[in-house]
Amino acid sequence: MFYGADYYPEHWPEERWEIDAKLMRDAHINIVRMAEFAWSKMEPKEGEYSFEWLDKAIDILSKYGIKVVLGTPTAAPPKWLIDKYPDILPVDVNGLTMGFGSRRHYCPNNHNYHEYTKKIVEAMTEHYKHNSNVIAWQTDNEFGCHESVCYCDNCLKTFRIWLKEKYGTIKNLNDSWGTIFWSQTYNDWDSVISPRRAVTSHNPSLLLDYKRFMSDSFVKYQKMQIETIKRIIPSSQITHNFMGQFNQIDYYNLARDLDFVSWDNYPVINFGDITFNIKKLSASVALSHDITRGLKKQNFWVMEHQSGPTGWEEVGRQLRPGEMRLWVYQSIAHGADAIIYFRWRTSTSGTEEYWHGILDHDAVPRRRYEEVRLIGEELKRIEKYVEGSVVNSEVALIRSFDNEWVFEIQPHAHGFRYMEQLKKYYNYFYKRNIQVDIINLWDDLRKYKLVIAPGLIMVNDEIAKNISDYIKQGGVFLTTFRAGAKRWDNRMNSTSLLGDLKDIVGIDIDEYGAIPTGEEISIKVGTEIGKASFWYDVVKFNTAKVLGTYESEYLKGRGFFTVNNYGNGKAYYVGTLPNDKILQIIMGKVLKDISLKEIPIKRKESVEVVRKIKESKDIYFVLNFNNEESSVILNKSMIDILSGQQVEKNLHIKPLEVRILIEK
Amino acid sequence: MFYGADYYPEHWPEERWEIDAKLMRDAHINIVRMAEFAWSKMEPKEGEYSFEWLDKAIDILSKYGIKVVLGTPTAAPPKWLIDKYPDILPVDVNGLTMGFGSRRHYCPNNHNYHEYTKKIVEAMTEHYKHNSNVIAWQTDNEFGCHESVCYCDNCLKTFRIWLKEKYGTIKNLNDSWGTIFWSQTYNDWDSVISPRRAVTSHNPSLLLDYKRFMSDSFVKYQKMQIETIKRIIPSSQITHNFMGQFNQIDYYNLARDLDFVSWDNYPVINFGDITFNIKKLSASVALSHDITRGLKKQNFWVMEHQSGPTGWEEVGRQLRPGEMRLWVYQSIAHGADAIIYFRWRTSTSGTEEYWHGILDHDAVPRRRYEEVRLIGEELKRIEKYVEGSVVNSEVALIRSFDNEWVFEIQPHAHGFRYMEQLKKYYNYFYKRNIQVDIINLWDDLRKYKLVIAPGLIMVNDEIAKNISDYIKQGGVFLTTFRAGAKRWDNRMNSTSLLGDLKDIVGIDIDEYGAIPTGEEISIKVGTEIGKASFWYDVVKFNTAKVLGTYESEYLKGRGFFTVNNYGNGKAYYVGTLPNDKILQIIMGKVLKDISLKEIPIKRKESVEVVRKIKESKDIYFVLNFNNEESSVILNKSMIDILSGQQVEKNLHIKPLEVRILIEK
Amino acid sequence: MFYGADYYPEHWPEERWEIDAKLMRDAHINIVRMAEFAWSKMEPKEGEYSFEWLDKAIDILSKYGIKVVLGTPTAAPPKWLIDKYPDILPVDVNGLTMGFGSRRHYCPNNHNYHEYTKKIVEAMTEHYKHNSNVIAWQTDNEFGCHESVCYCDNCLKTFRIWLKEKYGTIKNLNDSWGTIFWSQTYNDWDSVISPRRAVTSHNPSLLLDYKRFMSDSFVKYQKMQIETIKRIIPSSQITHNFMGQFNQIDYYNLARDLDFVSWDNYPVINFGDITFNIKKLSASVALSHDITRGLKKQNFWVMEHQSGPTGWEEVGRQLRPGEMRLWVYQSIAHGADAIIYFRWRTSTSGTEEYWHGILDHDAVPRRRYEEVRLIGEELKRIEKYVEGSVVNSEVALIRSFDNEWVFEIQPHAHGFRYMEQLKKYYNYFYKRNIQVDIINLWDDLRKYKLVIAPGLIMVNDEIAKNISDYIKQGGVFLTTFRAGAKRWDNRMNSTSLLGDLKDIVGIDIDEYGAIPTGEEISIKVGTEIGKASFWYDVVKFNTAKVLGTYESEYLKGRGFFTVNNYGNGKAYYVGTLPNDKILQIIMGKVLKDISLKEIPIKRKESVEVVRKIKESKDIYFVLNFNNEESSVILNKSMIDILSGQQVEKNLHIKPLEVRILIEK
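Top line first, the protein sequences correspond to chains X, R and W. With the working numbering, the residue at position 140 of the first sequence is 165, and numbering never jumps. With the working numbering, the residue at position 383 of the second sequence is 408, and numbering never jumps. With the working numbering, the residue at position 51 of the third sequence is 76, and numbering never jumps.
These are calculated hints, taken from the structure and not from any lab test. For clarity, every value in this text was computed on a predicted model and none was experimentally measured. Incorrect hints may have been included.
Identical copies look the same in the list; a pair holds intra-copy or inter-copy alike.
Unchecked claim - Distance condition first, Cα-Cα at most 27 Å in a straight line; then the derived DSS-like pairs of lysine-lysine: (1) Lys196 / Lys81; (2) Lys674 / Lys143; (3) Lys614 / Lys629; (4) Lys642 / Lys189.
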């Protein structure tokens, strides 16, 4: 199993490198990622490449058995390049250029930048193509981190070409966007705008297309890097470090061209939060893992794993003793095949001076180093049990970037966020330790017993058919308020308030409204009364059967929760955002339709249990995300592979402690 | 009576138009407003006019007995025009251009825009001058909506001309603005600035003049439109849709050149408010009606009447059953001669996708359509009673845009707003169902028994004389803290802290201070002790008599509330902002001086009763702005014109219900 | 003693001047400051100087025995100069020019501005060099008020020169800043940037150097003014009006070239504060006085002393009866040799219309004038006792601008501010009426018994040696968390987490972390348990002894408070920010080491007592900053120099009242 650290030899004197390598080896580190911010070191002046230092560092590391992932350094173009082509710099929504001095200071559509990217990537791959210590490549760094949107004139031109390819004729574009509204008709391609600052809000279809265009621009930019590497090293393994729940780029598209995906896992970055509660964080980190695993439907790497307090201007929380280990095992439980810490040693300069690594600024090995070493030792011991193990989910949640963007452009109710609704459903399963896959709208749904698509405001024929086919063959499907209200071009449906989903859910919407933030209305399922927020759809049921109703005011007795028999399956509709109490009842009803495989471990809600499968054997990761001791009850005796001992029934688990159990 | 909807045939296929017209007719609709955002449809390319579609729409509508108001489309210049003259785009306070892509993207002083405005207005009026179905014209749309301030170079030049006309010599300007402060003297007209962003705050006189200039610019721009229309159709009736309490343009000036005024009435646009209380809203909407009626001292139209949830990025509240009708009757009660809903059908594209109309996106007639139809039916029935009825007020409140702007520039105390004080006084009368006119500083005051001028910080000779004459002939006048402190050029008076009002109120100000926001001080009138906020004037009374004193600290015993006998009338001065309890006592004292006509209906505070007069008969609109049933007691028996029945004494009124009573 | 007002004759008609002078004389005023905003009056057009008006004003004033301080008018360059050289205008972080129309609209590095500054200063000094009524000069006005940072292209060029002088070679700069991080290496001087807006945060060393550069730019600009004046009037006394706790310019550097310093004392400028508490303000104003006195280690002037409500857009609090006198005596107690009120009469125009003076806009002498007159009378009477008296402190607090800037760039914990920590320590002494000097890092420490340096994150060899030498010879020193963590170039130390202070404090840091804002952890000293916030250093003591420990979680029992015997002295380390309760215990332990001279007056905490010395006699200023009467107990009988009476033991003091006592 790969176990490592992100390493920046260029930050430290050469004399130090061997000491570092030795310390790494002692901590069971066998991989480092390097060079992803070293452009100015590898090409200090245009065309003058300098890889000697990196060669040397790789040599030293390899002496200690440490392999290397090399990053292309394009997240930070050097100053000489910016000085030569200032138009590489991105431009903000006001038309103001963002200058040199931090990172990600490039427009993804800039031709000069593409050209120089190709040159440095070629130089690196040519230089290292025969170096067997370099075992993988990372493109750029954290695409979509910071506001990765450019409004420069060149982007505008490129956007017009992108639109032309998409719409064919300007009339199609006008029809699709509905530019007739407020007299915004474009007479030709050259008159189309990008959504720079206007007097007031832009057309929502324009806004969505610009988001798609920017996402595509980065995908295309990465693809060019990948093709360059593969041309020179056809067998190369290429990855990128994604960012969990970030959403500026459609991660499904960005993942498509990669061999495998990685992500950067910083569970504890709260800077100003008063009530620190590791339990609250664990569900969100689990979701990020599952999102990442869903990008290519396969295991992933953690390319940056938190190893100390994070921080730029402010310093985040210190990791308490044992906490790092807990996060590492959660990563592995959810599908991580490699754990690489960020970073080896805390930088003594630059913006990230306070983004701490395993070692502090003074390189004295202290508590965190010792923890890393012990985890490494342990992982080595249990490698044979966990390596290659996979998560096998029966439930899928659909996350659609396009739909998330629609709610970013128009949140409908103040503060409403697409992901908050998705999290509500995700957390239902998380609390019950039911494994969930996070998947794309076009993915094959047939392997799942239950598919949930919250916030599915925008669909098209193809998607509707995918869902319809799934249900017809027996699947159970659930969607929520606003489903189908919009066409794929972010215009409202003019034919039905449910669009192409109308027949599937078997209802009409008779009336709807936003619930102002902070207010709630009463709803009822069976005899239980609870609260709902943000939105209400008043359902007029056609073929569907009503299962839940509103209780408030003039809505009293009107339906919000329905089920429709459709083909061999069922389609549920939840026309509001219920509170946890009612959501539990709703999901209880839904889960009655299907039988999910049970986990033979009874646990308190606060303990996370993840089932993985290796060679058709179940492995259970039991993670105590509590500040207190907890316990679980086993239905059968198992082997605790960390201690090697057989365990029965009642199993006590200390705070922040982990058990990995395998059936005898 | 006119009853209608705002209609955008250009948004929908032609096949739909006749269906729409029929549905409208069925709902008793007899008027539509059209075309105010259809420039790109009427003139798709420069000089190529296309009115066929509009002709056809008007023809179809007229077949169903529906008349038309045409709007000039200048609130949204088309892209081809912006591409030809990019300098039409407005420039913000930082000097940054605001781009195409929403609406109101024009500088009101741009010569090219004036020229093209004239052309399209001429083309429209020439085309429709003989069309008898077009019965009125609307200029532009909602002047002063969004931040209608431009800081472009051309505005700067025009501002200098405006200033030269006003001040004659640069010395006069320097003297008036007091540019000697901080060495800001201008040596010639070409050196005068507009208040673009500076290191810190600008000269307040410059700021006020720029506000006046921008207001005048829009007035002038509209006047050019009006003159163009009148030249071609001398008998045309021209209006504009105002925006209630908006204040960027001096509405009195904007109204002057129009035949009648309209406004856009959206009572329920709260997006994030937790405690929805229709009662709170009703007073504010009533004020907006009264403001509108005061612009030309005559009845008005509601050109856009809310017919569903409003919304751009967020969606506002749904109108509950019966609510629309209640707002409609309130509009009529306060002087609306026409009710035109915004809009016929909810747009499926553009920024206002969620600004709902009578029909939803899918055009299925639902609850709101049915309510519109029933209101229409009812209005037809009672038309003969209410049409042409007028409000007749004995009390006037002065609203001065110039004074409001002064408090915008210098709020004095954090968060203090001119309108908040005015509302305090307005609400006193609203709660007692005493009709109030909102009037201008130069209006004839003699028809009123009581004139109140809160926040009258700035006066000039003419205004002081108007007030003085009014009181001398027997009027009762009340003004408040800071009255007269400033000259009409927004400089402080150097002669007296009360300026030209000193003799009228008969006091001096001995000391004054702001009360920090959130704090209160104690005040006393008679034996009642209450609280006051925002400001205190310590009064030194000359000819006046003190009626109320401060109770706090070193102010104890010093006067804040005085009355001065002046000519045959009285002038009251309230040197602080009292809380409701004390305001009630103050106004009680003031009202003792005058006898207002009583309404023969006793009602709970929460029921609004408005008296109107038609052919010297009193009509009472009784509006229950409550979520519960309420009741009123009649002093004499009346006819309920909605039911046609005679009603006596105790009259129960359901929530959101309306009664219109007329004396037998 | 100098007693005066800031006077703007140019704001008022000449006829008024003599009336003003007479009123001043009657109020015992003997000095005015003038002309510091009168450039456009003194040089209405380029090269056309006009001093007649000023000559006349000075003549009139001198007739009434009033001397003059002349200000150079460079804080407000006139419009003709800006029109001729628009590049004088400063540029903001986004690259946008800040326009004319307020004040301080100049780039301190602009060559044209330097040239024209020299011209006007020469013209003034040439004109007044023989005028004996002009007794002092003030440079500019409030350097560093408003955001005094410019990012223009010329500043960038000048910054590069500044850097070149500092670093010698570009390699040194790269090494010092650690530009290797994120590939920010500069290949030559012309490629170095200023920290204009980038995609995300800049390098912290760049940010600190830019702050230093801008500070130096103003210091250099002032120096040019001083040299110009001194060249023409070698004997001139030159000052500048500083701003207490403002921090954009290193005040120690700005003071160096001046003959004496002044400051502008506005204790009561709160605009929106709910709970007004004069007691809370008094400590902060005392600190500002002590900061000012520390700039040159000598007495100072108050060039602008509050005489009424302050205000621009909003109006601050009125000064209550007696309050002005209290603040005046506090000023004198802390070292003020002159009291000059801002301003004589409230301006009727301009941004500061509501920044009130002694007279209101209408020039009627009211309460505040009468108070000024009485204070003047009183001061004349006691002049012989207080003039030339000095504060003599045994305790010093180090305030370092460089260190303050580091925490501005990186606050570490959300909302943490360098000065807040310093104030905690200052207030400890303030509450006990122990006089404190606020001094610079390079000052001679040997005169103090105790030196405290909170927030000393950044040191260099020289500073460490200064501290070390001080302790070795017997001094007691205390520093706090993060001390020594950074090098003087704002990079982290790579050798030790305590840098050059490690041996002095005799500890290592074993672990550290930020405490999120709003949270607290428990700490213990002796048997007392209290709270701490913002940061925790876990101490590993080497030669030091632990005196206090953490109580929370995994930190329990680990040390945070230590003492180290070093040479003949002691070094204390406080690794967190304790609450007041624990700070009291900590300081109690520290003060046991030294014996401070006792004040022979027992007083309640809320009464401020300041000891000054004149001709080796102690004078006690007893100031009651309470809204209620208070009392003090004297250990020996004294003379109250205000009443001339002998006072014993129990002394009652009315609210806002002052006693000045001298030993018999």
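Each hint tested on the structure:
no.: 1; hint: Lys196 / Lys81; in the structure: between (60 Å within a copy, 22 Å between copies)
no.: 2; hint: Lys674 / Lys143; in the structure: neither (59 Å within a copy, 88 Å between copies)
no.: 3; hint: Lys614 / Lys629; in the structure: within (22 Å within a copy, 49 Å between copies)
no.: 4; hint: Lys642 / Lys189; in the structure: neither (53 Å within a copy, 67 Å between copies)
The structure does not agree with the numbered hints 2 and 4 stated previously, though it agrees with the rest.
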